[in-house]
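Chain order of the listed sequences is A and B.
Position 46 of the first sequence, counted from 1, bears residue number 46 in my numbering, the numbering being contiguous throughout.
Position 11 of the second sequence, counted from 1, bears residue number 11 in my numbering, the numbering being contiguous throughout.
Worth double-checking, as some hints may not be accurate.
To be verified - With a straight-line cut-off of 20 angstroms between C-alpha atoms, the simulated EDC-like cross-links for lysine to aspartate or glutamate are: (1) A:Lys15 x B:Asp12; (2) A:Lys134 x B:Asp12; (3) B:Lys24 x A:Asp12.
Stated by the list, open to error - Which stretches of chain A does chain B cover? Using the computed rule of at least three CB atoms under 8 angstroms from a CB of chain B, they are: (4) 1-8; (5) 32-40; (6) 100-106.
If you're looking for bench data, these hints aren't it; they were derived computationally from the structure.
Where is the CB? At the ideal position from N, CA and C, for every residue including glycine.
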Amino acid sequence: MISRAVIIPTGDELKSGIILDTDSPMIMQVLLNINGNCNIIRNEPLIDNEDIITNCIKRYIEKEVDLIVLIGGSGGGHRYSSTLGKDFTHSSLDLLLDVKYSTELYGKNGHLWSKLICGIKNKTIILNVPGPYKEAKAAIEAFKNAYIEDSNNLQIINAKMSEAVKMQYGSI
Amino acid sequence: MQNDTKVIVQVDKTVVKIEGVNVKGLNIQQLEELLQDKLKSMTRVIGVTGNSIEMDVYGIEEGDVLREENGIIKIIALAEGISVSDVTKLSSVKKIKSVDINSIPEYVENGCRGERWNLID
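Could you build all of it, start to finish, from the sequences and the hints given here?
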C-alpha cells in the first residue's frame, strides 16, 4: 500500500512560472483514490538538469517513501526544437533503477515521443509520466488500476501506462 | 532486471510553432481546449518559452493550419497567461514525415532514432 508518495514536477518553464502546474494536483487526487490516508509531498519544480533530478530522487529513496512520480521530460524533442525542454527524467531513472521496465513510444517520424519507465530502488517504486495533462492523467490512472490489480507486477504496470499514453495520441 | 519495449505510433500530426507571444502563468489545459474548439482536432502543447509556443495538431494538414493563422492567434489570445502583438505569427508549420521503420540506423549513445534516420537523408 502506498502510504508516503512524492510528486516531482520537472521543467524550466514550470520552475520559472511560464506555465502553471496542473498535473500535480490531478496526480495527487488519483493517488488519494488508491489510499485516502496517503501522505503526499509535492516537491518544488526542478529545472531540466539530470544531476539535479537524480539527486532529488536519491534523497527521497533514502527517506524510504513508497512511491515517486516524476512529471515531464519523458520525450526526446529538444534535439529538434529549441522551444522544447531537455528531457532528463527517463535518463535519470535509467541511471538509478536496478529493476526497471520501460516502453519507448516512437512516432512514425522516428522521434522518441515518450519513454515511460517504472522500476524499484530499495523499497521505493519510481515512475514517470509525460508532461501534457491528458497524457499524464491517462498514465497515472492506468497506474492506479494496474497497481490495485497487482502492485508487484511492475512490467504490467508499465505496459498499461504506456498503452494508455499511446491511446492519447490523436484522440480528443 | 530490466526490460525495454519499443512501440511505433502510426499517427499523423503537424507541428506548429508560434512566436512573438508573451507567456507567463499559462494554463496549458485551457489553451488546448480553446485550440481544439477552433481546429476541431486534438491539440497538444509540447513546448513553451516566454515568447513562443510549440504544439502538435493531429489530423490536420499544413495548408489548413496556415489558412487558420489569424483565427489561431485570436484564439490563443483568449487563454490566461498569453498576450499577443502585431509580431505574433506561426513561424513554423510542418507535418511529420514517415521514416522506414524496417531500416533502423545504427545505435548512437543517448541518441534518438529520429536522429539516426535523419542522418540517412
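Output the numbers, in ascending order, of every earlier hint that fails for this structure. As far as the earlier hints go, 1, 4, 5 are violated by this structure, in ascending order.
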